[in-house]
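Dock the two chains into a complex; use the hints.
Chain by chain, the residues run as shown.
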Amino acid sequence: MLKNITLGQYFPGDSFIHRLDPRTKLLATVALIAIVFVAQGFSGFLLIAAFVVACAASTGIHLKFLVRGLKPIMFIIIFTFVLNLFFQTEGRELVHWGFIRITDQGLRMASFMAMRLILLVVSSQLLTLTTSPIALTDGLESLFRPLEVIHFPAHEIAMMMSIALRFIPTLMDEADKIMKAQKARGANFETGNLIQRAKAMVPLLVPLFVGAFRRAEDLALAMDARCYRGGAGRTRMKQLKFGVIDAIAAVAMLLLLAGVIALNKLNLF
Amino acid sequence: MPIEVKKLTHVYMPGTPFESRALNAVSLSIQDGEFVGIIGHTGSGKSTLITHLNGLEKSEPGVVFVNGMDLGEKGADLIAIRRVVGLVFQYPEYQLFEETVAKDVAFGPTNLGLDADEIKRRVEHALKQVGLDPAEVSEKSPFELSGGQKRRVAIAGVLAMQPGILILDEPAAGLDPMGRREMFDLIRGIHDSGTTVVMVSHSMDDVGRLCDRLFVLNRGEIAYTGTPAEVFVHDNRLHAIGLDVPECAKLARRLREAGFDMPEGIYRTEDVCAAIIGNLSGGK
Numbered sequence: 052m053l054k055n056i057t058l059g060q061y062f063p064g065d066s067f068i069h070r071l072d073p074r075t076k077l078l079a080t081v082a083l084i085a086i087v088f089v090a091q092g093f094s095g096f097l098l099i100a101a102f103v104v105a106c107a108a109s110t111g112i113h114l115k116f117l118v119r120g121l122k123p124i125m126f127i128i129i130f131t132f133v134l135n136l137f138f139q140t141e142g143r144e145l146v147h148w149g150f151i152r153i154t155d156q157g158l159r160m161a162s163f164m165a166m167r168l169i170l171l172v173v174s175s176q177l178l179t180l181t182t183s184p185i186a187l188t189d190g191l192e193s194l195f196r197p198l199e200v201i202h203f204p205a206h207e208i209a210m211m212m213s214i215a216l217r218f219i220p221t222l223m224d225e226a227d228k229i230m231k232a233q234k235a236r237g238a239n240f241e242t243g244n245l246i247q248r249a250k251a252m253v254p255l256l257v258p259l260f261v262g263a264f265r266r267a268e269d270l271a272l273a274m275d276a277r278c279y280r281g282g283a284g285r286t287r288m289k290q291l292k293f294g295v296i297d298a299i300a301a302v303a304m305l306l307l308l309a310g311v312i313a314l315n316k317l318n319l320f
Numbered sequence: 003m004p005i006e007v008k009k010l011t012h013v014y015m016p017g018t019p020f021e022s023r024a025l026n027a028v029s030l031s032i033q034d035g036e037f038v039g040i041i042g043h044t045g046s047g048k049s050t051l052i053t054h055l056n057g058l059e060k061s062e063p064g065v066v067f068v069n070g071m072d073l074g075e076k077g078a079d080l081i082a083i084r085r086v087v088g089l090v091f092q093y094p095e096y097q098l099f100e101e102t103v104a105k106d107v108a109f110g111p112t113n114l115g116l117d118a119d120e121i122k123r124r125v126e127h128a129l130k131q132v133g134l135d136p137a138e139v140s141e142k143s144p145f146e147l148s149g150g151q152k153r154r155v156a157i158a159g160v161l162a163m164q165p166g167i168l169i170l171d172e173p174a175a176g177l178d179p180m181g182r183r184e185m186f187d188l189i190r191g192i193h194d195s196g197t198t199v200v201m202v203s204h205s206m207d208d209v210g211r212l213c214d215r216l217f218v219l220n221r222g223e224i225a226y227t228g229t230p231a232e233v234f235v236h237d238n239r240l241h242a243i244g245l246d247v248p249e250c251a252k253l254a255r256r257l258r259e260a261g262f263d264m265p266e267g268i269y270r271t272e273d274v275c276a277a278i279i280g281n282l283s284g285g286k
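Residue numbers (the numbering used here), protein chains in the order written: chain G, 52 to 320; chain P, 3 to 286.
Isolated chain P (complex conformation) (with noise of 0.2 Å):
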């Protein structure tokens, strides 16, 4: 089982008047080759989870298991660690910093300590992977790229480190409609090649386009759990806590309210149009 997180619970600055709990007893497995969407609104703890699962944060022991990794346990391989998780932060582009896209990718496999011929093929390969020709942008400085290819030069920098799995935090903030299509197709892309991915969001027409399964947290806990068809079923609760369902799903929910014939728990644009198609088609 590749993740495992048993009962963590996470206190920020405990006694001082800055206390804050932002994670409490929260419990999930992740298998191989899944796509799993962490959904919440702002502060509801996503972020503070995804630093644990790659031990950036330190937990007891006997919480957070990766492949069999104890990551509270005095000790661990943090690079080891590293190796199997790759983190991809919100706004990577911020974290770049060598004179060259080649070398700032390079980052990474270096630290792992790969010979060069490895890292140079690592680094085109991940290159490729993010959509970038590395011809032209090799020996580019990072901060002469658009807003775009600068995220996709800093995921490129985590999948050099060639991760079995992959968390993403918000990856296609702050982008265009049109970046926004490019990066989550990237991701997908990544996610077909055999990676296990965990994208956070708090986007519900994201996570629901693209994800296996979905964990909503509300303040720390998890909320729901499960397929985006069964949690989007909670509409009016997930609304209460911030948050919304895909927009396709609200359609569909006003159609069926109005006496409409939909089938319960769709939420895609394909299935929701089918749906309507099917309901003209049939009046006639």
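Looking at chain G on its own, in the form it has when it is part of the complex (with noise of 0.2 Å):
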């Protein structure tokens, strides 16, 4: 039941793409997102995610990880794809069939927008899946420091998201163990109806969060030990630099973005 959460799921590896600045890898991530939406045509799409695909093999994560990250968003591809689809009226009709009609534009539109979510999803997850948790909040930090003159909050917001994804797998863990521990029990988490489950939840929660608030007092105990102050003034023992393959890569972008609007201009097909 727990076991199928990839959240923030991270393999370690050694490829270009793991080598990245986390920088480089949260802006490629948003240019990725900005250039899906620039392509206008199935050969801009086609380009993208042969890119996409290229980056994908080149990590050397097994594709059953990515498509497992598909899973939980099939249904919103389905519903937009079936939406465009039978709500898009404009263009040549191609089936006509009591009170539905599908058109050549509608079908268009709905494999565009289809796409468009399936290579949204997989681009994010190559950041997730190619960068620790630590260097992606440290990445976060570093961009949004900029607006620290606004009085953005950009350290404390990156402490909390450290934090956050630090307990992640300690939590996940805990209740595996109170599960287990109630199940030896005799609790029954898996069949009843609704109330029934949600009753059943009691016994793990209650224990969950009162482990969660003595870490929580732990950890501030242990910070505070160590002085920590927030943001200011503090540094760091791993800096960020950007080197030669980080340049790599913005080129690399700068070549996808160039290519989908070559391929939008010729309007191919």
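No incorrect hints appear here.
One-sided and incomplete, this derived list gives chain P residues near chain G with beta-carbon spacing under 8 Å:
1) 53
2) 56
3) 58
4) 81
5) 89
6) 94
7) 96
8) 109
9) 110
10) 113
11) 114
12) 159
13) 160
14) 163
Straight-line distance between alpha carbons at most 30 Å, and here's what the computed DSSO-like set of lysine-lysine pairs gives:
15) G:231 to P:8
16) G:231 to G:115
17) P:9 to G:231
18) P:142 to G:231
19) G:231 to P:105
Please keep in mind that the hints were generated in silico from the structure rather than gathered at the bench. Ideal Cβ positions, reconstructed from N, Cα and C, are used throughout, including at glycine.
Quick look at the structure:
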């Protein structure tokens, strides 16, 4: 039950993408999302898809983990596809059957929408699969640092995020242990109606919350004991530095953008 | 034969980069009324092994048997298994959740579908078994008790299901010396009242003092099995796999190497004391 949560799952590795600066990866992901919306024809989408697939293949991560990440949003993809298919009435009619009318424009829009969604999810998944949570929050903090002049709490938010990410596996572990302990006492989490199941969660949630508060208190004390005073004047052990590979990644993104714009202009198909 | 395990293998997260083999063809059998110790250092697979013994982890059919029930069989009656095998996890006090001690201890028996009178009787009995006064603690919140008392309440929660076999994972972890002694007295009392006890630990001192028979786990395999005396003979090998023999066994060995007349395989404080006294009086 707890095993199929892939949130923030990181796959260690040493590929080109793994070694990129987290800021590069964050910006590249944002850029990729933008490019996905720039594309206006199948040729453009094919180019982006080829790029994403090439990136995914270079990381050495098994395709099955990327596909697994798509599962939760499969419903949304199908829903938007169907919606676009049926309610786009412009264009040449392909099928007319009772009140259902499918046009070539509708089919085109629906497929674009589905492809956009899939590319969005897969590319952001590539980010989280190749970047450790800590590197990710470091990157975010560094990117948001300029906003501190308008009192945006970049450091605090990044710290909260890294603590939260740090404790997700710990709490899942703990939930698993408590669940086993209560099962050993005959608790039943799997069957029963909705109310029974909600009630069955009490023996799991109460100890989990008590434990989370205990951990939070311990963590606060430990941070205090090491003189944590917030972000001001804090130096870091691992300095983020852009390197040659980041420049290569930037060029690759620019080339991709140029390619998509060119394909839009050519208006192939 | 109450517990019988035949070539149990357990792999965590197979097919991912995190794949790890926790147990590898482990076979063991435990008789009624035994007091058995399972020892191994962190990550040796001892916790995985015990979760198989009451069906929390499911094995293949024909691998784990408890009182003749095949735990790996499809549709095995899990409640029936948990009625027979009580499992007390490490730091069991973190599983407490009810408003009062009595309600928390009653959680197990309630899940077994017993009637209210029987539950009340069992709760009182279980609290007495762990050395708590039912009249005093029953209506208290488990969260206002001390750490040692919380653990006792948690153990009572499992005892109230009246299992014939009780498995405890590191029951004395994090307790002070006094608390440890009391905990072991309590467990010995439970064993003396006719319950089969399986205790998991990494402390040779503790299992050596209490258990009739030991299983030494190393990297998911059983390295040694036998009575404590039989196991402690392999002290060099045990040391190499990150375990130690009791302090008294070490002392006896050093004395023997120094030329004193110490019998092989003694490890209990009393036996070693007697041997030393024998040497001293014999030398005069």
